[in-house]
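**Q** Each chain is listed here by its residues.
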Amino acid sequence: MEFDISMPKCWRRETKGHKFCPGCGHGLVLKALGLAIDELQIQDRVVFGCDIGCSLLAYDFFNVDTMQTHHGRTTPVITGIKRARPDRIGIAYMGDGGGYAIGSQHLVNAAARNERITAILVNNTVYGMTGGQMAPTTLPGMKTETSPYGREISQTGYPTQGPEMVAAITREGAYVARGTVGKLSQLKNMIKKALETQIAGTGFSFVEALSTCPTNWSTNAKDTWSFLEDEMTKYFKVGELKVPAKEE
Amino acid sequence: MAEKPIQGEKRVFMTGNEVVAWGALAAQADIMYGYPITPQNEIMHYWSRLAPKHGKKFLQTEDEISAGFTTIGGTIIGARAFTGTSGPGNTLMQEPMSMAEMYRVPAVFIIQQRGGPSTATVIYSQQEVTLTTFGGNGEGYRIVYSTATHQELFDYTIKAFNTAWKHRFPTFVLADGYQAKMREPLTIYDPEAKGIEMVPTVPTLGKEGVPGVDRPPVHMTNTRNTEEELYEVVKGLQAAYEEMWPEVEEHEAVECEDAEIIIVCHGVVTRSARVAVSQLREAGIKAGYFRPITLRPFPVEPMKQSIKGAKQLLMVESAQGQLARLVKDSIYGSTIPIEPMFRPGIGISSEEIVEKVQSLIK
Amino acid sequence: MAKLVKIALAGEGGQGVQSVAGILVDAAYDEGKEALYIPNFGVEQRGGVSIAFCQISDERIGAPKFEKADIVIALSDRAVRRCAQYAGPETVFLYDASITGIEDDLPGPPVKVLGIPALKVAKDELHPRVFNVVILGATIKATGVMTLDQVKKALEKKLGYKFEQNPELRELNYKALERGAELIGAVL
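Residue numbers (the numbering used here), protein chains in the order written: chain A, -11 to 236; chain B, 15 to 376; chain C, 206 to 393.
Hints in this document: simulated from the structure, not taken from any laboratory. Do not take every clue at face value.
The calculated label-pair distances, taken between Cβ atoms and stated as ranges, are [what the hints assert, rightly or not]:
1) B/E17 to A/D75: 20 to 30 Å
2) A/W213 to B/R339: 50 to 60 Å
3) C/S303 to B/S132: 33 to 43 Å
4) C/D329 to B/E23: 47 to 57 Å
5) B/V216 to A/K234: 38 to 48 Å
6) A/Y137 to B/E246: 40 to 50 Å
7) C/K367 to B/H68: 23 to 33 Å
8) A/G227 to B/D228: 54 to 64 Å
9) A/K234 to B/E261: 52 to 62 Å
When the alpha-carbon atoms are kept at most 25 Å apart in a straight line, the in silico PhoX-like pairs for lysine-lysine are as follows [what the hints assert, rightly or not]:
10) B/K24 to C/K363
11) A/K180 to B/K221
12) B/K24 to C/K362
13) C/K367 to B/K370
14) C/K362 to C/K317
15) A/K180 to A/K131
16) A/K(-3) to B/K24
17) C/K328 to C/K363
18) B/K300 to C/K208
19) B/K24 to C/K273
20) B/K24 to C/K358
21) A/K234 to A/K222
Output of the computed footprint for chain B on chain A, the stretches with three or more beta carbons under 8 Å from beta carbons of chain B [unchecked claim]:
22) 45 to 57
23) 88 to 100
24) 140 to 147
Idealized CB from N, CA, C, for every residue including glycine.
Can you make the complete structure from the sequences, with help from the hints?
**A** Laid out in C-alpha cells, this is it:
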C-alpha cells in the first residue's frame, strides 16, 4: 500500500494503473493536478474536461466529474459549463494539437474574453494518439511522421510558444505559466495558482506542461529525459509569465 | 424568483427572431450561446436585451463550433441552454450536434435556413433539411420541428425544450429567413397559464456531493475501442430513438381524406399550400396537403394513411428534393406517382402551386 | 373587407419605405386585422432598392412574399424598374411623378399606372421630411384597407413622444397623410 499513499486523494484508484504508455508524462501532469485539487479541497466542485488525443485517456482518471469532448473543443465545453454554473471549477485538459492547432481559436478567444476557467495544455512536441505527426510544438529539425526529414522551419514555421501568446492577449488578473514534468513540485504549484486564480475570479488561467512521449520520440529513458530537460527547455522557457497582483 | 416575463397571454405583432427570443424566455431558458450569422442575428439581439432583465445569460462565442460546444457545456451542467444559427454556421455546428447525439445532450438549436450551398443568400431557403436532420457523422438521432407560422415558432420553441429534456435528444426548431424576418401577429403566453409544465432540467455533471465518496463520479466518454462496443452503443441509441418516435412525431393532414392530389410540403411553404388547397377546392378540385411537422422523427405511418387514396403527390419545397428524399424513404412501396416542384433557395407562392396542380389534372 | 390586399412599397434607402410599411401594418394589426410584413433583405440592402412586402387581410395570410401586388408604390427610378415584376392585370402601379427617365420601364396596360406628385407636394406645401407620410396617406387611400383615423392612431403610437414636444409636428404629419390621400383621390 506504500505506492497507494503517494497517489493524490482525488485520483480514482479503480482506474489505476493508468492507460498511458510507459514513460509518458501525462501521468505526472495529472499527479500535479491531483495534488493541487487535494490541497485546495475542491474535488466536489471541479468539472474536468479532456480533449481528444492522448488526453482523452484521462476521462476516468479522477474521482471528479469528467467529460471527454472532441479534438480542440474542451475549452468551449468548459467555458459553457462555467458560464452556466460559475460556482463550479472548470478545468480544460488538452494536448498541444488540441490547444494550438485545431482548437487555437477557442484558446485565443477564451483567453481574450478572460474566461474564468483553467486550461492545462500538455506539450510533448508531437501528435501522440494519431501516431507521431508533426505538432505545432515540434522543434526545428525534429523528425516526425509528417516531417520525416526533420521539421523545415522555412516551410512550416517555428514552434508555437503558447504561454507567450496567451500572456500577450490576457490582461492583469490572468495567470500564465509554463512548467515541466521534470520539476513536478513547481508544476503542481503553478497548477494550484492557476486554480486559485479561477477561484478568485480575476481572470483566465493557463499552464503549459512540458511532457514526454518516448513512444513517438523513439527514445530510451535516458534520451527521453535529456530531450525534455535539455532540448525542449532551450526553446520553451519554464517559468511564470503572468501572475495576478497580490491583494493587499 | 423573478417576475414571469409574460403574464397570462398577450397578442403581439413581431418578427420571428423576436418570437424565438420570447419563446425561449417563456420556456425559462437560462442561457443562450451564439455567433452572428444572418438571418438568425436578431434572436441574439432580442435575447441579449431581455436576458439581464430576467436573470438570464448570453455569451457571444468566437464561432459556431464554439457556440455549439458551449451550449452543450451549459446543458450538461443542468442549464436550459440554446443556440441559433443558419447556413454555413449550421454546417460548422454539425460537430457539436453530433456530440449531443452521442451523449444525448438535451440542447436546443434554432435554425433559420438561408440559401446554399456555401455563402449563397442570407434570405431564405429550405436547403438545410438534410443537414439539420442527418448532418454529422452518425445516424441523425435528433428531433427536428419545422414551423410554418409565428404562432408555431413560439409554441415549438417552448416545446423543443420540453421534448429535449424529456427524451434527451438534441432538439431543433427549423425555420427560415422569411420566418426570421417577417412580422405577423401571434399570441405569446406563459406556458403555465396554458397548462404546459416545463420539464425540469437536471445536471449530468456537477451534482452535489464528493465524487467517489458520496457518489460515483460521472465519467463521460464517447470513444469506443472496438466495433462491437460501438455497435452496442448505436443500437442502444437507435432503440431509445424508436421508443420515443410515436410520442414525438407530428404532422398536419388537411383535406386528404378524399383528395385526388396531395401536396406534400413542410415549413413556411405550408402557408402557400393551405391557400392553394382552399382555392383548388373552391374550383372543385379535390386537393389536400400533408405536412410533416417533425422532419425527424418522420411521421411515417400518418403519412402512409393520409395519402393512400390519392392519385398523385405533388412535392413542393424550396430545395432540390431534400424533403422528397425523406418522404420517399418513408413511403417506400407506395406506387402513387410523385410530381416534383423543387425551387431551391426561392419562395413558393400559392399561385404557383395552384397553377401547377391545374396543369397536372388537365 | 374579406379580401386580401397585397402591397409592394419600394424606394431608395433613406426614403422611409420600411418605416411606412411598419406603420401601415401596425395600424392594421391594431385594428385586429391579420397583417404580414417582410422587408427584402440581403446583401442588396446595402445601397440597393429597398422593398417592403405587406399583406393585410381579415383572414390568415399565406406565403410572406407574392407574385403580383394589388398596389405597387415605387419611389425611385430603380424602384420602378425593380417592381415592374410585381405588376399584374389587377395591379395599381403608383410612382412619384418627379421620377424621370422611366417612361419605357413602366408596366403597360392592363396595369393601371398612375404618377402622383408626392415629392412635389411634400417639398412645396409641407416639408421634405414628411414625404414618406404623404406616401403613407396615398397607400392607405389606394388600398382602402383602413381609414386615415386608424393610421393616425398608429402614427401617434410611433411618434407620439415627438408630437408631445412639438405639436406642430403632429399637424404637419396629419396634413401630409391627408394630402397623400387626396393625391390618390384625384387620380383614381
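**Q** Give a verdict on every hint.
**A** Each hint tested on the structure:
At roughly 24 Å, the beta carbons of B/E17 and A/D75 sit within the given window of 20 to 30 Å. Look at A/W213 against B/R339: about 58 Å separates their beta carbons, and that is inside 50 to 60 Å. A hinted range of 33 to 43 Å holds for the C-beta pair C/S303 and B/S132, which are about 42 Å apart. A hinted range of 47 to 57 Å holds for the C-beta pair C/D329 and B/E23, which are about 49 Å apart.
Between B/V216 and A/K234 the CB atoms are about 40 Å apart, so this pair conforms to the stated range of 38 to 48 Å. For A/Y137 and B/E246, the hinted distance range of 40 to 50 Å is satisfied, since their beta carbons lie about 44 Å from each other. Here the CB-CB span from C/K367 to B/H68 is close to 30 Å, well matched to the stated 23 to 33 Å. Taken as a hint, the range 54 to 64 Å is violated for the pair A/G227 and B/D228, whose Cβ atoms sit roughly 39 Å apart.
At roughly 58 Å, the beta carbons of A/K234 and B/E261 sit within the given window of 52 to 62 Å. A C-alpha spacing of about 20 Å is found between B/K24 and C/K363, which places the hinted pair at or below 25 Å, so the restraint holds. Only pairs whose Cα atoms come within 25 Å are accepted, and A/K180 paired with B/K221 is accepted, the gap being roughly 23 Å. For the hint linking B/K24 to C/K362, the alpha-carbon distance of about 18 Å falls within 25 Å, and the restraint holds.
For the hint linking C/K367 to B/K370, the alpha-carbon distance of about 51 Å lies beyond 25 Å, and the restraint is violated. Distance restraint check for C/K362 and C/K317: the Cα-Cα separation of roughly 34 Å exceeds the 25 Å cut-off, and the hinted pair is therefore not satisfied. Note on A/K180 and A/K131: the hinted pairing is violated, with a Cα-Cα distance of about 34 Å set against a maximum of 25 Å. A hinted pair counts as satisfied when its Cα atoms are at most 25 Å apart, and A/K(-3) with B/K24 does not qualify at roughly 56 Å.
Proximity of C/K328 to C/K363 is assessed by CA-CA distance (about 23 Å); at most 25 Å being required, the pair is judged to hold. A distance of roughly 24 Å separates the Cα atoms of B/K300 and C/K208; the hinted pair therefore holds under the 25 Å criterion. Taking the CA atoms of B/K24 and C/K273, the gap is near 33 Å; set against the 25 Å cutoff, the hint is violated. At most 25 Å may separate the alpha-carbon atoms for a hinted pair to count; B/K24 and C/K358 meet this at roughly 20 Å.
Simply put, A/K234 and A/K222 have alpha-carbon atoms about 30 Å apart, too far for the 25 Å limit, and the pair is violated. Counting residues of the region 45 to 57 of chain A whose CB falls under 8 Å from any CB of chain B gives 10; the rule of at least 3 is met. Only residues whose beta carbon comes within less than 8 Å of a beta carbon in chain B count, and the region 88 to 100 of chain A has 4; three or more means the coverage holds. Counting residues of the region 140 to 147 of chain A whose C-beta sits closer than 8 Å to any C-beta of chain B gives 0, which falls short of three, so the coverage hint is violated.
In the structure shown, a violation is registered for the earlier hints numbered 8, 13, 14, 15, 16, 19, 21, 24, in ascending order.
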